[in-house]
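Asker: From first to last, the protein sequence lines are chains A and B.
The opening residue of the first sequence carries number 1 in this note's numbering; numbering runs sequentially from there.
The opening residue of the second sequence carries number 1001 in this note's numbering; numbering runs sequentially from there.
Derived by calculation from the structure, the hints in this document are not laboratory data.
All residues carry an ideal CB built from backbone N, CA and C; glycine is no exception.
Wrong hints could be hidden among the right ones.
Which residues of chain A face chain B? A partial, calculated answer using Cβ under 7 Å [unchecked claim]:
id, residue
1, 275
2, 278
3, 282
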Amino acid sequence: MAFDRRLVIRFDWTIFWSVLALAGVGLLSVVSASYRGPHKPIDPLVVRQLIWIAAGTVAMVTVVLFDYRALATYAYPFYVISVALLVAVQVIGHSTGGSRRWINLGFFHLEPSELAKLAIVLVMVRYFREEPPKGGWRLRQMIIPAVLLGIPVALVLKQPDLGTALILVLITVTLVFVSGLNARTMAVLGLAALCVMPLGWHYLKPYQRQRLVSFINPQADPLGSGYHIIQSEIAIGSGGPWGKGFLKGTQARLNFLPEQSTDFIFAVFAEEFGLAGSLVLLILYAILIMRGTWIARHTRDRFGALLAIGLVAIVFWQVAINIGMATGLLPVVGITLPLVSYGGSSLIAMMLAMGLLISINIRRYFF
Amino acid sequence: MVTVLALVSVRLYYLQVMQHQEMTELADRNRIRLLRVPAPRGLVFDRRHRPLVDTQPTFDAEIVPEDSTNLSETIERLESYLGEDHVADKIADADEEGRPPYEPVLVEERLDWPKVVALEAHQLDLPGVSLEITPGRHYLYGKLAAHLLGYVGEVSREDLIKQTAYHMGDEIGKFGLERGWEPFLRGQAGGEEVEVDAVGRRLRVLKEIPDTPGESVVLTIDLDLQQAAEQAMEGKNGALVALDPNNGDVLAMVSHPAFDPDVFGAGVKSADWRTLMSDPNHPLQNRVIQGTYPPGSTFKIVDSIAGLQEGSLTEDTAYSCAGGIWFGGREYHCWRKQGHGTIGLHNAIVRSCDVYFYDVGQHLGIDKLAHWANLLGLGLKTGIALDNEKSGVIPSSAWKQKRYHERWYPAETLSVSIGQGYVAVTPLQLAQLAEMVANGGTRYQPQFVKEVESLDGGVAKAYPPVVEQHVDISPETLQIVRDAMADVVNGPGGTAHKAALPGITVCAKTGTAQIVGNKGSLVAGEDEDKMPEKYRDHAWLIAFAPKEHPQIAIACLVEHGGHGGAAAAPVVHDVMQRFFQLYPPAPQTPELTEDRANRPAIARVLEDDTADETAER
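Input sequences plus hints: build the corresponding full structure.
Answerer: Encoded structure:
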């Protein structure tokens, strides 16, 4: 492929720098979360995160070089590979804390559910890129997407990973809405969702139910399932308006926070950088999301627009649920904070997604 | 999206600005834990500053259940090393009492050395288990003066509610001196503000508050004398108390059988406790202040003083003793069934004639007798700083009316006159009687603490003598009684020759406390030795010495010892002898020396031909 000068001129620096800023915040937070005192060596976690940020940045820039439109061709194969990996994780997966989520690749623990998010975006965008019939998509046409969604959701739930399953559903729902839905279909689907809810409760694992109960009343079991919410709120609240300062957060350093470098990394950050830091973080996400939706609106091909929406949806829902959970607004589900949480798969997948977003933005002029 | 961001921002504002204070407090409470460092308890010294009780490091096993990854396995291992199976129960008990998470549970106190080594060596297999080094109470002489020194134990739940300064697991004085002087001995616990992580590991000390050791207490007890007294009472049940008649200091206090106070400090095991409680000899009872016994013939001192002071009796009053008198249709015996013939006051005391004092009592009447008994401290609490002191009983007509709703019968006065019937006194009260005769009528509050020493070695609190009462007793009366008591030991026909010391005039009065009420029908001295021990009489001796400048007053009771002269006099002899070795009497004036030079000689001559001298009642 010949190098196109437009790639440089129209490169989306807003997204690029926002992504790097968020990754920087992430790195700082991982340092804080793994900090154990002035005389302790730096945790290898930090080094790994740094390597992944570098690798992610390379991946992000590389993806920009490719024409995203070619992805339509690879959507189904990519989907099949992702599903195959989800099946593989059940068989040869590496289990931690009672759930199988990782495949050990020797140098890297691959988390297929992170790829599944991208795959579901691609496959849904591929399906909905056709203009909907007049009046919007009908119920009949929802069967294929339902199956496409159902397979990975079922596999992810089996891990079990309620958070990712929820994100997959929310991404799909977002795309279905944006791509135009028949009013009747919407009503039927809404009703169906309401009917499924009590059934869903039935299928929840006891610990998951416990979390919902704890969410409603965390003090019911302050040392058990309510512990996470309470400790997270304490960390955030004790940070105050300006924070305790870098590496001065006691909640994180003394291990009071659960999953402090992944799911509860926001609490680590908020404790040390306060309301001011938290708002800066929110603003960075807002910039990413608003830029993404702007790109979606200004892209002339439907595939690109839907793809942008799908990618933004991943970021939006994960941020909303993760921070909502850390601040006690939502029940606890294991969802990472995009670009900030520790973890190679999620970081690289998110940076790839952002690279795609830049790619769409550059090529909306290429017709 | 804007809605979501706004919602999150509002929530953040609520948590980080509005609830900031509260959340900061919660975060600190999470990470900062106060660890109490108990202060070493103050030492206890004898009057010559020799240590009796000290504090030595002991090892206690603790467990923080939250720190153990596999609690049941840890408990199992711990129990096998300790050879106990109560660990799980202790944890359950502590949790029930509201133990906060990560607060250690005391599993076993005062581990012996092999257990300490076992736990230390297997530390890695016992996550959450730690050895705490705490200052532990140590009684250097075991059972010595156990009732006076008392013991310490873990603070009870009731105490925790009353005393806010105490915490679960603290040591507190439970009995005796340890209890009474708790505020001085205890000291002030120090503490450490320690930062801990989520699993309770102590990471660093943020703040240290040094502890203040307890203050030391110096007793009026003399270790050597106490040891002599314990030895003299060895193998006997009973009590002995020695006072300094010049100020009320307790020089020695023995109650036998005793207990080992170390048993309590170790967190008394239920088996040990049951043994102590079910022992028919009541080792936990301090007989010196809690045992009430009929004073027997020692009460004749009260009869004499009362009669002489009231004028119903003079030195020359003589009565005839024919071995008993008839009164109210019943015969009242004298202990000497052949009688004493016509006998005067001096010899009536020396030979302890019962019939003589029946007459003295009759002439006085019960109420005057009771009045004088009370004046001399009998039937009243002495006010010694020990718990559960008994007052005993001195009957009077008013007392009987109140107690039994009956009038007083004159015949009952006869029993009272010889210290029987309703009369019951404690050994300490009788020691005070000896003290008052010795010092001329002053009753001091018995004190066993000389001073509390401050940490710099100065006197934090002194205990000057406290005069409870001064009774005016005429010098003539005192002279008559003292002379008679001197002859009880040294004179012809005296009943306590075994208490005599060479070169020192010991004054004494024997007594025999009947414990079988209807033994009037038995002829005393005849089948006494054949009786089962538990029906045998208690033996009393009260004494003071030297006669001229008394330095020591003693009451001694030997339970089921038989006659006072036989059982109690040798005990008092040993104690007095040791006392005067330790504190030789002041040089005497020539006149007094001459006086005493004669008496013991006479006594020694007459001792042999007074066959029944000790068989008085």
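Asker: State for each hint whether it applies.
Answerer: Consistency of the hints with the structure:
no. : hint : in the structure
1   : 275  : holds, 4 Å
2   : 278  : holds, 5 Å
3   : 282  : holds, 6 Å
Hint check: no violations occur; every hint is consistent with the structure.
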